[in-house]
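Peer 1: Single-letter residue listing:
4 protein chains.
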Amino acid sequence: MGSIWGNKLKISLFGESHGEAIGVVIDNFPPGIKIDMEYINKQMARRAPGKSSLATSRRERDAVKILSGVFKGNTTGAPLCGIIYNEDKKSQDYNQLKDTMRPGHSDYPAHVKYGGFNDYRGGGHFSGRITAPLLFAGALAMDVLEKDKNIFIASHIESIYNIEDTEIEFIDYEADYFNYLKDMEFPVLSEEKGQLMKAEILKAKEEGDSVGGSVETIITNIPPGYGDPFFHSVESKLSSMIFSIPAVKGIEFGAGFKIGKMRGSSANDRYYLKDGKISAKTNNNGGILGGITNGMPIVFTTAIKPTPSISLPQSTVNITSMEEKTLEISGRHDPCIVPRVVPVIEGAAALVILDLLLERGETFKVNE
Amino acid sequence: MGSIWGNKLKISLFGESHGEAIGVVIDNFPPGIKIDMEYINKQMARRAPGKSSLATSRRERDAVKILSGVFKGNTTGAPLCGIIYNEDKKSQDYNQLKDTMRPGHSDYPAHVKYGGFNDYRGGGHFSGRITAPLLFAGALAMDVLEKDKNIFIASHIESIYNIEDTEIEFIDYEADYFNYLKDMEFPVLSEEKGQLMKAEILKAKEEGDSVGGSVETIITNIPPGYGDPFFHSVESKLSSMIFSIPAVKGIEFGAGFKIGKMRGSSANDRYYLKDGKISAKTNNNGGILGGITNGMPIVFTTAIKPTPSISLPQSTVNITSMEEKTLEISGRHDPCIVPRVVPVIEGAAALVILDLLLERGETFKVNE
Amino acid sequence: MGSIWGNKLKISLFGESHGEAIGVVIDNFPPGIKIDMEYINKQMARRAPGKSSLATSRRERDAVKILSGVFKGNTTGAPLCGIIYNEDKKSQDYNQLKDTMRPGHSDYPAHVKYGGFNDYRGGGHFSGRITAPLLFAGALAMDVLEKDKNIFIASHIESIYNIEDTEIEFIDYEADYFNYLKDMEFPVLSEEKGQLMKAEILKAKEEGDSVGGSVETIITNIPPGYGDPFFHSVESKLSSMIFSIPAVKGIEFGAGFKIGKMRGSSANDRYYLKDGKISAKTNNNGGILGGITNGMPIVFTTAIKPTPSISLPQSTVNITSMEEKTLEISGRHDPCIVPRVVPVIEGAAALVILDLLLERGETFKVNE
Amino acid sequence: MGSIWGNKLKISLFGESHGEAIGVVIDNFPPGIKIDMEYINKQMARRAPGKSSLATSRRERDAVKILSGVFKGNTTGAPLCGIIYNEDKKSQDYNQLKDTMRPGHSDYPAHVKYGGFNDYRGGGHFSGRITAPLLFAGALAMDVLEKDKNIFIASHIESIYNIEDTEIEFIDYEADYFNYLKDMEFPVLSEEKGQLMKAEILKAKEEGDSVGGSVETIITNIPPGYGDPFFHSVESKLSSMIFSIPAVKGIEFGAGFKIGKMRGSSANDRYYLKDGKISAKTNNNGGILGGITNGMPIVFTTAIKPTPSISLPQSTVNITSMEEKTLEISGRHDPCIVPRVVPVIEGAAALVILDLLLERGETFKVNE
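Residue numbers (the numbering used here), protein chains in the order written: chain A, 974 to 1341; chain B, 974 to 1341; chain C, 974 to 1341; chain D, 974 to 1341.
Isolated chain A (complex conformation) (with noise of 0.2 Å):
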């Protein structure tokens, strides 16, 4: 309940799209770590928008204040605050929709639940804007996994409408590839398959529409044996944070949906010796047997919904009056939201590591 999470590292976001200032407390982040601003930046600037054509004019530098948990550039291991004030905030784009529950959105849910209470403006704090926040503490999450433990995550946009990402079968993977992927303002593998899909996320702009699509990650050097069985394994817990993204609406782990289609013997992933070590030929349950890690990279992938705001005339009702009406959202919105996604979904999936390894009682080298 609330929008807290976490077992052992934990995680308090706050804040509203359109209120003073948006935020998050990390709880249990271990002391001694050097707070890398360089490195969060430039995870943040690949969520903030403004960027291109592909997303919405909206331009808000989100830049983070830090303000406890670190003291002389260190972590202390005290609850480290991050704050974002809102900047670019324009309020009266938002004014007709108090009544106007728009299709697709939080809106109406809210409203019922909060009672009309709720901060209605730019979906308060049901926002997009709020994985800022969560990105930057998995962005702090990413950074000492990538440092101290070699762990690396990253994604490339599976598909985008009708299109899709050349198929790749993740076992082998070097951390450099990880950083090529990383480094891509629209990560694909195919930058041909890419191409167009930003010809779909232009032709969607132009018709006052938007498109959806899905993102693959990955996780690479899990140890095996984190994790738990049933109710906190590694899927529950990725699955959890994953659908806490605004616009998640299917998340799939190794084969997924696939596995479905397969027969058990060539679903099973057979064990052999690498170099003395128990690897596994193919990875089609992602990396995770029984809920805990095997060793193989940790492999999902996570569906997102078109942005909900478009301009096209949409039928809906007015929650007041109890009439119907037809509602034209005027305002600056992302066509697509899928790449503005990648980073959140892989910080998301950082934090989720990050507990796993406290939970397992690892510790992390501190600066000296």
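Keep in mind that the hints were calculated from the coordinates and are not lab data. Keep in mind the model is a prediction, meaning the values are calculated, not measured. It is possible that part of the hints are untrue.
Dumping the calculated DMTMM-like pairs for lysine to aspartate or glutamate here, alpha-carbon to alpha-carbon at most 20 Å [unchecked claim]:
#1 B:LYS1234 <-> A:GLU1179
#2 B:LYS1231 <-> A:GLU1137
#3 D:LYS1254 <-> C:ASP1182
#4 D:LYS1254 <-> C:GLU1296
#5 D:LYS1231 <-> C:GLU1173
#6 A:LYS1007 <-> A:GLU1119
#7 A:LYS1231 <-> B:GLU1140
#8 A:LYS1234 <-> B:GLU1180
#9 D:LYS1234 <-> C:ASP1182
#10 D:LYS1234 <-> D:GLU1140
#11 A:LYS1338 <-> A:ASP1009
#12 A:LYS1231 <-> B:GLU1173
#13 B:LYS1254 <-> A:ASP1182
#14 A:LYS1234 <-> B:GLU1137
#15 C:LYS1231 <-> D:ASP1182
#16 C:LYS1231 <-> D:GLU993
#17 B:LYS1254 <-> A:GLU1297
#18 B:LYS1122 <-> B:ASP1009
#19 A:LYS1234 <-> A:GLU1142
#20 D:LYS1254 <-> C:GLU1173
#21 B:LYS1234 <-> A:GLU1165
#22 C:LYS1298 <-> C:ASP1072
#23 C:LYS1338 <-> B:GLU1335
Chain A is already provided as a structure; the job is to place chains B, C and D on it using the hints.
Peer 2: Structure of chains B, C and D alone, referenced to chain A:
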């Protein structure tokens, strides 16, 4: 962490496939609810093995003995513990598996996590058998949801291997249809497709192999306003729970992965007034927006992998000698676990829904 | 773990004494509650330093800036974050304390726990100053309990050093008396004993020393039936919260330690009918039986140690050089923290009570 | 909420005094620990009734049957469930108590909380009998702490009624002395005071009355750096657990309430170097500063009320007829519960300490 789940309602699972007994403690179940053992046993029977040629010949009555929390036939509000003694166990079947890691099973990651101290017989605590007490808890929840809140949960087998059931959009289904599905031994919308699915299962069985599939589940009569944004979204809670069930590799809500292939103008579920109340013309979001129920049926699909236990020879590794070897699993196994997973998914979902209601402060009619 | 508390209502504290800001995120506060800043500031002022010769001369206005969770003057139901900027900080006072572990303070255990990375200035996150945002959250809770549920929380200083206030058994007190106590700067039942207590504080101050004491707190108009047996008993919840307040070393409910010196025949609070309702003639159990409220006022007493910061020379150890040394603490400190702890205890208790009510599904009147 | 406790280590209690069985599920107990039933039974015997004229004549062997989590004599890391069947139950003793609320018992608040559906026989789930499975879990924890970490927990009865044991400051005690205390049936430091205490118990018994007392507990060899500031302070965790034990009404750490009557200059525990390591000359803070262990023994005192079941007539109310009436409790009851509570306090404390160690990532030697 551990086999404990829940916010308000809590579930603590215990037991191993070949141990003394398996069971569950249910905390905060509302007091004053009559225990309907007939209803519970009916649900348990849907999961129980040994019923047909489609399933394992292991026979276990799965008779639950209630140790606490019930007085004069009603729940007391104190923790309710139910246990099932393990009867038809043949531990010798598993002796060869002590060191030989079965592909697709939890053997290897569990061995690493627990330092080799895990009970390896039949997968121990990781066994699908532990879903019996989970279903017991779920059946208690299902019963009270049906009788007290008119909330029904039902499923159909959406696919087995490459055979797919008829598609349908669940918007306006009646309780009768839910009960009809729930009474089917092999619940499908199309009788014809059901026959083809069964044929695939038997074919795999004959060949010493196994098949997987997917299950679509519908929850009806959920009012709007349940759930939370972000980490405790209804999708987060349901996915976290459903991934607790062994063999699940994916979950999607509403149109799920297909929503990524839609445009916003068709993905957005438009509101209209139906008998003076807000409803939507489509249900691509599966009844959940911003993590909160919108009053439409909750619809989700679960991907289930082929049973990893197959009699065909498989290559693997002996963890003690660290040598590659070929494994042939004898024992008695399900060629397809999908039909037996159906009631478990429904029961698990019922626990989540009951927890949502209890968190929201809902009360329940007591027996007088 | 970490600075997060609560079941339904959740509190996440952050900040260090000499950092940028301190604050709190409050999750699941009910929506639609008018924020009464006058009430809140009045409570905050009771804790604020610099008011009289009895307290430290550090001056901090403790003005809370609300960043989220409030819209048009009412709570929204989304996380409410309030921060207080640190203004009057003199970090140089603490430079000598980097390696010299102050006796009675958290310096040494914190140094060990965080590997020396903790912010040692003014105790960092361990500072009593962090009770300011805790009180802010508590004041929000107190306000809604008073206005909506007629539940009042008040205290008197039971003892300072060896001076004890008049004894009283809290059974039938009225809200007026609670407000009277709450308005007192130095709340005591006996004006005369209050003067003696103040004299002890000033005497200790003159001698460079400090004194402790105890506080008795009463919560009235709590209906029977709140709380749980065992681990979530009202005593467990209150004690766990009250021991969060720095300097607290003991808590007792009702007759507390004196009940061990009674016989059952006098300790048992006998029921009788009062205006047709069940009441008890005594309140030795402090309103709690079996962990659950019995409808009598909740009464508990808190033991508070002398301020550990004293200017008298003390022997201690330098953690870096591992040499014994003599420490003289300059800085500005309270000769007695008890009066400033009073509102913090009340606010902390209010959070527990509000959580109990929310767990039980209580709703609150909204502003219309 | 509910009868579930813990962060890393988790405990789920269930059962009623006169139900089928009582028990506990222990989650996340470390794998590879040999179960020493002799040790466990010895601890259980300390709590068991029917041993002497000082206690109730109810006889229950309290033989624990382990249902799960142990394989080949060692813990597996999977949930460990232990149950105790209720044998010597005489439910008819309680029939008259269905509507007559016993003063000092949970009857009335439980009746309100559970709407009258609670099992009222012998207090049901509120019975002191439920401390048997809690002690079972605690004994497992105590055993591993002693054997693996050299951490010992022992207690002496500090007072019974108005007789007080010799005072002592626990700083440098050896494991031998702890074992000596633990082997005593009536653990006191002064044999003479012990005789006086027993005489008070027998006197109260003869008069149909009961007496209470207090218990001082010491935990030795705890390293510095365990615990957290604020809500998860060691005091918060221990107090929360100790107040779970029926009849506890107060807890204090170190000098406790007496520290309020000290000056800072004597209350502060001054550090010095002892054999080159940091130690303190006094232990007024009971081994905890800022919520974190400082390496000194943890010392706390628990106040225990007189057994509320007495045979002397008491006035009370019949909840159904809403009439005042006089109650005479027959049945078999302890004239003083203090000696039987001692091992429960120690076991409960052991669970907290083991949880602290597990949270901190400590590992344990496994059997090889």
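Peer 1: Sort out which numbered hints this structure fails and list those numbers smallest first.
Peer 2: The structure conflicts with hints 16, 20, although it agrees with all the remaining ones.
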